[in-house]
Amino acid sequence: MERKDPRLLLQSAPLLHQGMTTPQAMRDVWLALLPTTLAALWFFGIGALLLLLTTVIAAVGTEWVFTPPERRKVVLGDNSAALTGLLLGLTLPPGLPLWMAFLGGVVAIGLGKTIWGGLGGNLFNPALVGRAFLLGTFPIAMTTWSPAGDPAAFFDLSASLLALPLQSPDYDAVSAATPLGLMKFQQQGTGFTRLLIGNTAGSLGETSGLLLLLGGIWLWLRRDLDWRIPAAIFASAALFSLVLFLVDGSRFPPPQATLFSGGLLLGAIYMATDPVTSPTTPRGAWIFGVGIGLLVVLIRMFGGLPEGTMYAILLMNAATPLIDRWTQPRIFGRGGRRP
Amino acid sequence: MSTPVPVQPQREPGSTRLVLAMALAGLLAGIIIIGVYEATLPTIEANRARELREAVFQVLPGVRKMQALRYDGRGLVPNPGKADDDTLYAGYDGAGRFIGYAIPAEGPGFQDTIKLLYGYLPRQRRIVGMAILDSRETPGLGDKIYKDADFVANFDDLAVDPEIVAVKKGTSTAPNQIDAITGATISSKAVVRIINRARSRWEKRLPAPGSGPAPDRME
Amino acid sequence: MSTEKDLDAYQEFIKGIWRDNPVFVQVLGMCPMLAVTNSAVNAVVMGGATLFVLVGSSFLVAAMKHLIPKQVRISLYVIIIATFVTVADYTLLALLPKVHKELGAFIPLIVANCMILGRQEAFASRHSVRYAVMDALGMSGGFLLALLALGGVREILGSGSLFNVDLFGDGFEPWVIMILPPGGFLTLGLILLFFNWFTVRRRAFLQRVAALDAEEG
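These protein sequences, in sequence, are chains H, A and D.
Okay, so the first sequence: first residue is 1 according to UniProt numbering, each after it adds one.
Okay, so the second sequence: first residue is 1 according to UniProt numbering, each after it adds one.
Okay, so the third sequence: first residue is 1 according to UniProt numbering, each after it adds one.
Keep in mind that the hints were calculated from the coordinates and are not lab data.
Source: prediction; values computed, not measured.
C-beta: ideal position from N, C-alpha, C; glycine also.
Among the clues, some could well be false.
[To be verified] Every beta carbon over 10 Å from chain A, so not counted as near; a handful from chain H, in silico:
{"id": "1", "residue": "Val60"}
{"id": "2", "residue": "Asp78"}
{"id": "3", "residue": "Ile140"}
{"id": "4", "residue": "Ala153"}
[As the list claims (entries may be wrong)] Chain D residues, not near chain A, derived (Cβ > 10 Å throughout):
{"id": "5", "residue": "Asp8"}
{"id": "6", "residue": "Ile14"}
{"id": "7", "residue": "Ile17"}
{"id": "8", "residue": "Phe59"}
{"id": "9", "residue": "Val87"}
{"id": "10", "residue": "Leu93"}
{"id": "11", "residue": "Pro97"}
{"id": "12", "residue": "Glu121"}
{"id": "13", "residue": "Ser125"}
{"id": "14", "residue": "Leu186"}
{"id": "15", "residue": "Leu193"}
{"id": "16", "residue": "Arg202"}
{"id": "17", "residue": "Ala204"}
{"id": "18", "residue": "Val209"}
[What the hints assert, rightly or not] 25 Å max Cα-Cα, derived BS3-like pairs, lysine-lysine:
{"id": "19", "chain 1": "H", "residue 1": "Lys184", "chain 2": "A", "residue 2": "Lys168"}
{"id": "20", "chain 1": "A", "residue 1": "Lys189", "chain 2": "H", "residue 2": "Lys184"}
{"id": "21", "chain 1": "A", "residue 1": "Lys189", "chain 2": "A", "residue 2": "Lys147"}
{"id": "22", "chain 1": "D", "residue 1": "Lys101", "chain 2": "A", "residue 2": "Lys82"}
{"id": "23", "chain 1": "H", "residue 1": "Lys184", "chain 2": "A", "residue 2": "Lys169"}
This is chain H alone, in the form it adopts within the complex:
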């Protein structure tokens, strides 16, 4: 999403976050996410649509409430709150009660964005703040996955989705394990083709590796995306995972499974690249991406949780100001190593 258009020649540095404010870039991201969103509908039915609508409405509504009336048109006009809502929705499990999803949207914008002073001021990716809050608050509901449904059941609504506010969800369908859960707790692999297509259990928008990758490539071609960050994430995660796989192939998954399972693709392409919360310098982007890749594999393989993309990105978000300071280019004509 970072603007690298050579025609604009924006070379003197502190011009941060220019990409997000251009409506064009926002439209590109929406378009890039369209296939993934449609895939979520295809695999998880009408419930996915309700969940995504809920998070988007909660996010936009919260932004509206916390914005002074005279600034609402400008602040809400850039669609960034809606995008945060959509991204949050795509990271949620298909059977999550709508009231929890709503709460997640409120927290994402309220705690993840407006409290920092709005767009550009936040340290952490708002969508992931919302998801982290939900995972800490409702650990069971956030890790109960339903299997990717067949299109015939498109209009079937899961009862858990409609749980009343503050009430526990009632799971009617059989729960399923995600590819990462299968690997971690049952030492079972999942076929690579299924990971590419996405008919596996998982969060709404993380299952289909192919469509996520397509959207990412399109964003890269449109120069809406700092390619260094996803490239660094993929390279470091694949390398680390390959080393572990060679050490003990029965305990650790092969690198392609690491890249295409869980939220790694979704996070690497759409969340780690958020220009507000990632480093501004090219060298910083490489450090940032490598850090995320290593942390993801570390958490997945040695941590208590099967998935680590969210925490990896949030941790590196926290390190971003530091990385930016380290990698500031030397001011031309001045002595010394750093400004």
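Here the structure of chain H is known, so what remains is to put chains A and D in place on it, guided by the hints.
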């Protein structure tokens, strides 16, 4: 201070006075603390003893009396003193007949050390109850090892040969299997591991079934 | 002590409850504030123990202020506070063993609550017993109310109950994060946010009133 100073010397109290004041305060504080300690000690010990009795009675159904025993390297002897790693409790019914042992065990859980007590019938080679004495497992997930009645009920009648294993919820078939808690597999497995370890440690120490320790010196 | 006649016992009491609230305004005693407020009962017991320690220490320090040599006053304050803390610790262990177990190390740690030592140095050692006790009651009362506010919110959301009374029935889905440390930080942050918002609004309101008065005058 060899050179004369303009300030009157009597304004600065000598160090003897300071030390005296501190010592006096320390002495008074000590006396008060000892007094409170002595006054509350009986209640505190009674609380602890009652807690232990309740736990022992809970894990050994039918038990009415108990006594602490200690393994001294050769066999079990009554242990009237402080409980240590080699202490267990023998439970007896109302008529004084030996029923089984309540064995304390501890080990690492998901967050911190889990301390528990389990009831064991040596003759039937079965575990008949388990109570968590102390744990800091995650609220809402890991704390189900004592809050979830279904999980605790797993230990109400459990064979110990071969050793206990935790399986996915709803899939236990053999008498030595327990249903793990969904979402808290690590805590569930920790409980099983702690019991298995304690059991293999006590296996050779317990006297042969049938020759339960005499119910002497019981409360 | 020359200014003693300017004091008003009620004012000394009420300042700790609201205007100079040790938690929400002075932001003191954060350690017990965040650590033991996952239920209302814990909050009340912690607040009560702190109240006992602070009132007792302030009374003794104010009563003996002429006997305490200036050079070793801090050490003596700490001895006095530590004695009261130990008394509270044993008493709770005897009377409320279950709550004591949950509060764990935080009862002995009351001794390290800077609010308590701060009141001895800043107030009790310079005022008469009457005002010192009022000040201590106000400060620890404010502390207790703050703990209760936090503990209440966290228990309602985290366990669906208040003072162990069920509020939402069996179907309630607990907000696990609320009884964990992050919930303490979140709730405290939100309450501080509210306090600051209120202060700003109040100041703006007073300024408007003053401006209107000036116009009329």
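So, going through the hints one by one against the coordinates:
1. Interface exclusion of Val60/H from chain A stands, the closest Cβ pair being 31 Å apart, more than 10 Å.
2. The Cβ of Asp78/H sits about 38 Å from the closest Cβ of chain A, beyond the 10 Å cut-off, so the non-interface label holds.
3. Non-interface status of Ile140/H relative to chain A is broken: a Cβ of that chain comes within 10 Å, the nearest being about 5 Å off.
4. The Cβ of Ala153/H sits about 24 Å from the closest Cβ of chain A, beyond the 10 Å cut-off, so the non-interface label holds.
5. For Asp8/D, the non-interface assignment is confirmed: its Cβ lies about 32 Å from the closest Cβ of chain A, beyond the 10 Å cut-off.
6. Distance to chain A confirms Ile14/D as a non-interface residue, since its nearest Cβ pair spans about 32 Å, more than 10 Å.
7. Remark: the non-interface label on Ile17/D is consistent with the geometry, its nearest Cβ contact in chain A lying 30 Å away (cut-off 10 Å).
8. The non-interface label for Phe59/D is consistent with chain A: the shortest C-beta to C-beta separation is roughly 14 Å, beyond 10 Å.
9. Once the 10 Å rule is applied to beta carbons, Val87/D is inconsistent with being away from chain A; the minimum gap is 5 Å.
10. Against chain A, the non-interface label of Leu93/D is violated: not every CB pair exceeds 10 Å, the least being about 5 Å.
11. Separation of Pro97/D from chain A is inadequate, the least Cβ-Cβ distance of about 5 Å not exceeding the 10 Å criterion.
12. No Cβ of chain A comes within 10 Å of the Cβ of Glu121/D; the nearest lies about 16 Å off, and the non-interface call holds.
13. Separation of Ser125/D from chain A is adequate, the least Cβ-Cβ distance of about 14 Å exceeding the 10 Å criterion.
14. Listed as a non-interface residue, Leu186/D keeps its Cβ farther than 10 Å from every Cβ of chain A; the least gap is roughly 15 Å.
15. Remark: the non-interface label on Leu193/D is consistent with the geometry, its nearest Cβ contact in chain A lying 25 Å away (cut-off 10 Å).
16. The non-interface label for Arg202/D is consistent with chain A: the shortest C-beta to C-beta separation is roughly 37 Å, beyond 10 Å.
17. Consistency note on Ala204/D: stated as away from chain A, and its beta-carbon is indeed over 10 Å from all of that chain's, at 41 Å minimum.
18. Every Cβ of chain A is farther than 10 Å from the Cβ of Val209/D; the closest lies at roughly 48 Å, confirming the non-interface assignment.
19. Between the alpha carbons of Lys184/H and Lys168/A the distance comes to roughly 14 Å, so the proposed pair stays at or under 25 Å and holds.
20. Between the alpha carbons of Lys189/A and Lys184/H the distance comes to roughly 15 Å, so the proposed pair stays at or under 25 Å and holds.
21. Of the supplied pair hints, the one linking Lys189/A and Lys147/A holds, its CA atoms being roughly 16 Å apart against a limit of 25 Å.
22. With a CA separation close to 20 Å, the supplied pair Lys101/D and Lys82/A stays within the 25 Å bound.
23. The straight-line distance between the Cα atoms of Lys184/H and Lys169/A is roughly 17 Å, inside the 25 Å bound, and the hint therefore holds.
When held up to the earlier numbered hints, the structure conflicts with 3, 9, 10 and 11 and fits the remainder.
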